[in-house]
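Q: Listed in order, the protein sequences are those of chains A and B.
Note that the numbering used here has the first sequence beginning at 1, numbered continuously upward.
Note that the numbering used here has the second sequence beginning at 192, numbered continuously upward.
Note that these hints are calculated values from the structure, not bench results.
Take these hints with a grain of salt, some might be off.
Here are the simulated lysine-lysine pairs, DSSO-like style, with alpha carbons at most 27 Å apart [claimed, not checked]:
1. B:Lys279 with B:Lys214
2. B:Lys213 with A:Lys107
3. B:Lys232 with B:Lys270
4. B:Lys298 with A:Lys23
5. B:Lys364 with B:Lys279
6. B:Lys364 with B:Lys214
7. B:Lys298 with B:Lys270
8. B:Lys298 with B:Lys364
9. B:Lys279 with A:Lys22
10. A:Lys47 with A:Lys22
11. B:Lys364 with A:Lys107
12. A:Lys107 with A:Lys41
2 protein chains.
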Amino acid sequence: MNEILRPFDIDFDLTTGLSRLKKASKRYLSNMADMFYDTEKAGDILKNEDPLIYEFYEMGIPETVGDIAFGTSIVYPGKIGNEYFMTKGHFHTVLETAEVYFCIKGKGYMLMETPEGQWDAQEFAPGKAVYVPKRWAHRSINVSPTEPLITFFAFRADAGHDYGTIETKGFRKLIVEKDGRPVVIDNPRWS
Amino acid sequence: MNEILRPFDIDFDLTTGLSRLKKASKRYLSNMADMFYDTEKAGDILKNEDPLIYEFYEMGIPETVGDIAFGTSIVYPGKIGNEYFMTKGHFHTVLETAEVYFCIKGKGYMLMETPEGQWDAQEFAPGKAVYVPKRWAHRSINVSPTEPLITFFAFRADAGHDYGTIETKGFRKLIVEKDGRPVVIDNPRWS
Ligand SMILES: [Mn+2]
Ligand SMILES: [Mn+2]
């Protein structure tokens, strides 16, 4: 072990999820327009504005098997058509690595699936921790009309992110609003 | 990978740190009387009562290199003599594994040291995350006179706990109250 990492702390605001000390990575609609199933609606919105869908922190923890990467994720309230604002979602490059998410504010779901076709959705609410086992792709979805969905996440720092699989194939399921409430539907564009 | 672990969630109360679904592991003064430096004071207290010092959750996550163990830790307010209530503290058995603690309530410190004799203390306050790098023993200390210190922790699930080294040798440093505020002092009983 050559890298020298001293203990450190970092401040997050429990109300906004944001840190004063560090810059968040931001994902706007233009960064993920193809990931919402109503691509026409996404295109319409982009003619006038480019809403911030979510942001999250990368701490720059050394990517070793013994380190833990962590940070907060903030998914903003909103919809593209009837599909809620969400993260891109990803598998871990080291597929056999898990992750835990601890919700501190908001209301939503963690949508998950395996390469073998299993799927699952677990609810986020303040104080709820969701465990994403090894092999499960995961996407956070904010179903509140007003509040950000704020989670604190931790995973093995060498896990890596495979965004490409989801960008190409999509998730098998979507969570959309129907009659004012969230429902899970088959992804009409899943391939 | 043979164990089959489905996604799951678990509820913690953000005000108490406790879960309604799961039983916490409790540590009373009688479980750790020798760990406070004023053992005489600890003995006096134990004649009349056995205060709950801290509790924490173990989720029963499979202890593999790809899983993440997590839970909340609640250290109650109080002192033994002038030494604040604290956790036993431990090294990880797999020494080259890190841990992250995310404070959701209270005020305190994470006291840390390496086998080589380095030490460090990082402050806990709501929203602060403390990173415990590989090789660092760690102990949570509550310096609030009234509030519990509540943290959410995550570490590699196969890390294991070596409590024995600290039970035998102690930490090199202690955090005690002096003139109404916390100060770091040398541990008079460190061996
Ligand atoms: Mn992940
Ligand atoms: Mn630990």
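Q: Does the structure break any of the earlier hints, and which numbers would those be?
A: 6, 9, 10 and 11
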